[in-house]
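Protein chains in written order, with this note's numbering: chain A, 1 to 422; chain B, 1 to 422.
Just so you know, these hints were derived from the structure itself, not from any lab. It should be emphasised that the depicted structure is a prediction, and the values quoted were computed from it without experimental measurement. Heads up, some of the hints might be wrong.
Which copy is meant is left open, because identical chains are indistinguishable; a pair holds if it fits in one copy or across any two.
[Unchecked claim] No farther apart than 25 Å at their CA atoms in a straight line, the calculated lysine to any residue pairs in the SDA-like style are these:
id: 1; residue 1: K189; residue 2: N80
id: 2; residue 1: K134; residue 2: R145
id: 3; residue 1: K76; residue 2: F384
id: 4; residue 1: K328; residue 2: A201
id: 5; residue 1: K34; residue 2: L407
id: 6; residue 1: K318; residue 2: R128
id: 7; residue 1: K316; residue 2: K339
id: 8; residue 1: K134; residue 2: H389
id: 9; residue 1: K134; residue 2: I148
id: 10; residue 1: K328; residue 2: L297
id: 11; residue 1: K76; residue 2: A201
id: 12; residue 1: K79; residue 2: R152
id: 13; residue 1: K134; residue 2: I420
id: 14; residue 1: K350; residue 2: R217
id: 15; residue 1: K79; residue 2: S190
id: 16; residue 1: K79; residue 2: A149
id: 17; residue 1: K222; residue 2: V238
id: 18; residue 1: K284; residue 2: A255
id: 19; residue 1: K79; residue 2: R163
id: 20; residue 1: K339; residue 2: L254
id: 21; residue 1: K189; residue 2: G33
id: 22; residue 1: K316; residue 2: L407
2 protein chains.
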Amino acid sequence: METPRLVTSESGLPRIIILGAGFGGLFAAQELGKLNAQVIVIDRQNYHLFQPLLYQVAGAALSPSDVAWPIRSLLKRQKNTHVVMAEVQDIRRDQNIVVTDHGEFEYDYLVVATGAQTSYFGHHEWARYSSGLKNLSDATAIRERVLIAMERAELSQSESERRRLLTFIIIGGGPTGVEMAGIIAELGKSAASSDFRRISANEFRVLLIEGGDRLLRTFPVKLNSYASKALQELGVEVVTGAMVEEIDADGVLLAGGCRESGTVMWCAGVEPSSAARWLDVATKPDGRIAVTADLRLKAQTEVFVIGDLAWCPDKKGKPLPGVAPVAKQQGRFVARCLKNELSGRATPGKFRYRDFGMLATIGRGRAVADFGRISTKGWLTWWFWGLCHIYFLIGRQSRLLVALKWLFEYLTFQRSSRLIVK
Amino acid sequence: METPRLVTSESGLPRIIILGAGFGGLFAAQELGKLNAQVIVIDRQNYHLFQPLLYQVAGAALSPSDVAWPIRSLLKRQKNTHVVMAEVQDIRRDQNIVVTDHGEFEYDYLVVATGAQTSYFGHHEWARYSSGLKNLSDATAIRERVLIAMERAELSQSESERRRLLTFIIIGGGPTGVEMAGIIAELGKSAASSDFRRISANEFRVLLIEGGDRLLRTFPVKLNSYASKALQELGVEVVTGAMVEEIDADGVLLAGGCRESGTVMWCAGVEPSSAARWLDVATKPDGRIAVTADLRLKAQTEVFVIGDLAWCPDKKGKPLPGVAPVAKQQGRFVARCLKNELSGRATPGKFRYRDFGMLATIGRGRAVADFGRISTKGWLTWWFWGLCHIYFLIGRQSRLLVALKWLFEYLTFQRSSRLIVK
Numbered sequence: 001m002e003t004p005r006l007v008t009s010e011s012g013l014p015r016i017i018i019l020g021a022g023f024g025g026l027f028a029a030q031e032l033g034k035l036n037a038q039v040i041v042i043d044r045q046n047y048h049l050f051q052p053l054l055y056q057v058a059g060a061a062l063s064p065s066d067v068a069w070p071i072r073s074l075l076k077r078q079k080n081t082h083v084v085m086a087e088v089q090d091i092r093r094d095q096n097i098v099v100t101d102h103g104e105f106e107y108d109y110l111v112v113a114t115g116a117q118t119s120y121f122g123h124h125e126w127a128r129y130s131s132g133l134k135n136l137s138d139a140t141a142i143r144e145r146v147l148i149a150m151e152r153a154e155l156s157q158s159e160s161e162r163r164r165l166l167t168f169i170i171i172g173g174g175p176t177g178v179e180m181a182g183i184i185a186e187l188g189k190s191a192a193s194s195d196f197r198r199i200s201a202n203e204f205r206v207l208l209i210e211g212g213d214r215l216l217r218t219f220p221v222k223l224n225s226y227a228s229k230a231l232q233e234l235g236v237e238v239v240t241g242a243m244v245e246e247i248d249a250d251g252v253l254l255a256g257g258c259r260e261s262g263t264v265m266w267c268a269g270v271e272p273s274s275a276a277r278w279l280d281v282a283t284k285p286d287g288r289i290a291v292t293a294d295l296r297l298k299a300q301t302e303v304f305v306i307g308d309l310a311w312c313p314d315k316k317g318k319p320l321p322g323v324a325p326v327a328k329q330q331g332r333f334v335a336r337c338l339k340n341e342l343s344g345r346a347t348p349g350k351f352r353y354r355d356f357g358m359l360a361t362i363g364r365g366r367a368v369a370d371f372g373r374i375s376t377k378g379w380l381t382w383w384f385w386g387l388c389h390i391y392f393l394i395g396r397q398s399r400l401l402v403a404l405k406w407l408f409e410y411l412t413f414q415r416s417s418r419l420i421v422k
Numbered sequence: 001m002e003t004p005r006l007v008t009s010e011s012g013l014p015r016i017i018i019l020g021a022g023f024g025g026l027f028a029a030q031e032l033g034k035l036n037a038q039v040i041v042i043d044r045q046n047y048h049l050f051q052p053l054l055y056q057v058a059g060a061a062l063s064p065s066d067v068a069w070p071i072r073s074l075l076k077r078q079k080n081t082h083v084v085m086a087e088v089q090d091i092r093r094d095q096n097i098v099v100t101d102h103g104e105f106e107y108d109y110l111v112v113a114t115g116a117q118t119s120y121f122g123h124h125e126w127a128r129y130s131s132g133l134k135n136l137s138d139a140t141a142i143r144e145r146v147l148i149a150m151e152r153a154e155l156s157q158s159e160s161e162r163r164r165l166l167t168f169i170i171i172g173g174g175p176t177g178v179e180m181a182g183i184i185a186e187l188g189k190s191a192a193s194s195d196f197r198r199i200s201a202n203e204f205r206v207l208l209i210e211g212g213d214r215l216l217r218t219f220p221v222k223l224n225s226y227a228s229k230a231l232q233e234l235g236v237e238v239v240t241g242a243m244v245e246e247i248d249a250d251g252v253l254l255a256g257g258c259r260e261s262g263t264v265m266w267c268a269g270v271e272p273s274s275a276a277r278w279l280d281v282a283t284k285p286d287g288r289i290a291v292t293a294d295l296r297l298k299a300q301t302e303v304f305v306i307g308d309l310a311w312c313p314d315k316k317g318k319p320l321p322g323v324a325p326v327a328k329q330q331g332r333f334v335a336r337c338l339k340n341e342l343s344g345r346a347t348p349g350k351f352r353y354r355d356f357g358m359l360a361t362i363g364r365g366r367a368v369a370d371f372g373r374i375s376t377k378g379w380l381t382w383w384f385w386g387l388c389h390i391y392f393l394i395g396r397q398s399r400l401l402v403a404l405k406w407l408f409e410y411l412t413f414q415r416s417s418r419l420i421v422k
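The shape of chain A in the complex, shown without the other chains (with noise of 0.2 Å):
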């Protein structure tokens, strides 16, 4: 193996690459710790994002660092491991390189996981005029929006300006579009009834726009309308069936012609990063990466890929979806092949996805849980979601912290993480 440009190998050693310290990336290099071989993570932040939490921060209940970890702390023990922050703009893969705007690394073995980024659909121009939510940045944008509205409207002397200024336009009825939803309702109602003085709580509008014909649609239809229900009592507006047709400054229109004005959050949807271009392969129609049994590029066995944006099917042929545990699990998996191969045993066979539930919160107190055979909702299945995702939060001084930052909080309504920080 050819030393590359910039990091210096430890000689002899196989070199494995990991791009991106999401779900997938950060599980697979956790579990090469102890591996006899280099292990290389590059990812273009610093830090691990807790992504099922992202919404509390757009939502200014929870602050960066309690949902956000520096890689390089979380990898600190592995003494194999070296952390890079760079952005990936190429991967030449006849000769094992890849390439980022801080020189070119060399592989023996490759571990995509770039994950998703936020689709607009092809309307990109939608991007100037309203925020989506995948990284850090993106949820204090949202918070900073939502904040300075409250700001503007506080002083504000026109009815029509107080109006736009205080809704809130939420586009998407999947699980993080309605856990967005519920935070800015609950947001609203708090920050009008105490925060404010001349901002009453039913001026406060928060609009749910779905365009299908029901919210959360991989969950059991029960639940679909227990979360419109439980929505509709934090008085959110829930506007199903409704297509977006255009997003601009002022806020959105709709088929229709229906229009609404105000801060505009873009839930909608999300599409794999940009892998498939710089490994010059074909990709499914939702820009998937179709990948073998045990999660390999068919044409290039080194090469895996994992998470949001690998095409895997499950034992129905159906694609697995782009969640949090399917990540996980799959970093895990590929991390065994490799420790298999590296010290010549088989390899683990067919990757298969253990599917323990999904979940999605509603504001607080309330909770819906698909576990297969078993849905449930209310008061206790938001405790459960509540103790769930303090179990999963990476860092054990963040689970302490988190937990007792929600408890205070559920006792007190107080929220410390409203900040302008412009």
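Take the given structure of chain A and dock chain B to it, following the hints.
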């Protein structure tokens, strides 16, 4: 009283406007919470900042939400108090009007508490190449510059570039500079030894540059030399008697021709904010506004000036320093004056500062304190410093969380706040 253009006034009530929600403005506002008057607090930020711990955000030891709280939350129980997020542009003293970028506000009484800002002693161009430390954006900017420099050094193959990237130059040997040097040195040590693979602790250089002949010149001499020694034990190179000639993209040039390349942080000076210009009053040579014994403008007794802005002599005729305890006590004093005046009682007379001493910390485990007759240093002083700062933190939630975070960090040396959020 006429109705101002933006905020509806409760009819007939006198209106007190407080400019700035730092220690002076906030403590004045809190003291006025039950007064039969309308109180308006105007600040360009939406948060009150616990300035004494801001360097810990810059050093990635605490998060922004640990040291800042939304002003609205802090004052939410005071139904007579409005909070306005706006930037002051002018004060029309003859009309009793404050002009902001979001409208004009009439007042009966005005408390000007807009504090101080970073001063480059006339070299405004130095702001491009160095960071001051006055608000949250300053602190997160320093944190990101330091963390990114380390990321780049980890990948760099050039000796001279690595040296530049791993050199951190702090200008100013007052308490802020000393605390900053200590925390940056410790951040470097812990990051080099655990997080990074190719940076060694002895490559990491922290320079503390002071123009005078000793550090912490407002403290007793024996504490000055203790601070120097303690910093040197942390690996900080203390350079006294060194004047800065130039700051540019590469680093600093010192008088005498010595050049140091690296990331520059400016802790050398502050100057009063633009209040004297708005008020159109003359200032003392240091830019502060001379006030009467009860902290009013001589020419206009309904205008109070407090905190870092006010030139207010102590018993010996020397001006009081621009520190938090002075601002707090002045804020409370002014509130008492207003309460007495509005209820027809005699004014509380002259403002008298009660000096409880000064504290500064050097890294984790050492501090100096000067209580006038007694001065103390070392490990126990550091614990005293920690308890004091936790006690004085404004939000109850923050006190608990910061205490836990510090305890956790003290035991494990983990730094969860090392996030680069672009």
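Exercise for the section: Could you tell me which of the numbered hints above are not met by this structure, giving the numbers in increasing order? Expected result: Those not satisfied are hints 3, 4, 5, 6, 7, 14, 18, 20, 22.
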